[in-house]
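Asks: Listed below, chain by chain, are the residues.
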Amino acid sequence: NAGVTQTPKFRVLKTGQSMTLLCAQDMNHEYMYWYRQDPGMGLRLIHYSVGEGTTAKGEVPDGYNVSRLKKQNFLLGLESAAPSQTSVYFCASNERGGQPQHFGDGTRLSIL
Amino acid sequence: AQSVTQPDIHITVSEGASLELRCNYSYGATPYLFWYVQSPGQGLQLLLKYFSGDTLVQGIKGFEAEFKRSQSSFNLRKPSVHWSDAAEYFCAVGASSGGYNKLIFGAGTRLAVHP
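Order-wise, the sequence lines are chains Z and U. The numbers in the first sequence follow our numbering, run straight up by one, and end at 112. The numbers in the second sequence follow our numbering, run straight up by one, and end at 227.
Watch out, some of these pointers could steer you wrong.
To be verified - Listed below are the simulated DSSO-like cross-link pairs for lysine-lysine, each with C-alpha atoms no more than 30 Å apart in a straight line:
1) LYS9/Z x LYS180/U
2) LYS173/U x LYS9/Z
3) LYS161/U x LYS57/Z
4) LYS71/Z x LYS180/U
No wet-lab data here; the hints were simulated from the structure.
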C-alpha cells in the first residue's frame, strides 16, 4: 500500500540548473498538491491540481511549474533553480477538497 | 485572512506527563480542523480531524483535541506522553478558496520528550 510516493528523496543542484520532482499516488485521488516546508514557516502551498489536466497556483508559485498529464502523477518543475528554493518539498493528495490530505515522505532539495 | 497560530515553537515534557499543544485559528466560517504529526525525515501523518458534531475528537496514538468556537482554538492533548511521541506537530485549518478547500498550516510545535 504505497500511498503517495515522491522521487527523488534527496537532490543537490547548482544555481541555474533545472529539475523535475515526481509525485505518484495510487489511491485514485482527484486532488494533488505541492508544498514546500521551511523552518518556522510550516507548509506553504506551491501549486495544486483538482483533476487530470488541471493545475492552479497556490501561495508561493513563482519559480515553479507543474503538470498533471495523468491522474496519478503530479510533476513539479524548477526551470532555473535558485538558492531560495532550497527546501523540503512535499506532495499530498486527497479524494476531494476538505478531506484529509495524504502526504509523501518529502524531497530534500539543496541548491548551491 | 485565514491563519493558524501555534504559540509554542518548542515544548519539552517528561515521559508519562500530560501534554497540551495549543492551536488558534482565524477563519470566518465553521472550519475543518486537523492535527498532523511529522517524525524526522518523514511526511505528515494525520492524527485527527474535526468537521462538525462532537467538539471533542479522538485520534490515533491516544491523542484527542477539543474544538472551542468561542476561543477559536483546537488544542491537542494526550494524558501520558511516550518517548515515541517526540516529533513536530502541525495544526491546520481547511479553508475555502476559489471553489476548492485548501489547508492552511501553523508553523508547528516541536515536542521533545525526556526519559
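Asks: Now tell me, hint by hint, if it's right for this structure.
Replies: Outcome of the hint check:
{"no.": "1", "hint": "LYS9/Z x LYS180/U", "in the structure": "violated (39 Å)"}
{"no.": "2", "hint": "LYS173/U x LYS9/Z", "in the structure": "holds (27 Å)"}
{"no.": "3", "hint": "LYS161/U x LYS57/Z", "in the structure": "holds (26 Å)"}
{"no.": "4", "hint": "LYS71/Z x LYS180/U", "in the structure": "violated (38 Å)"}
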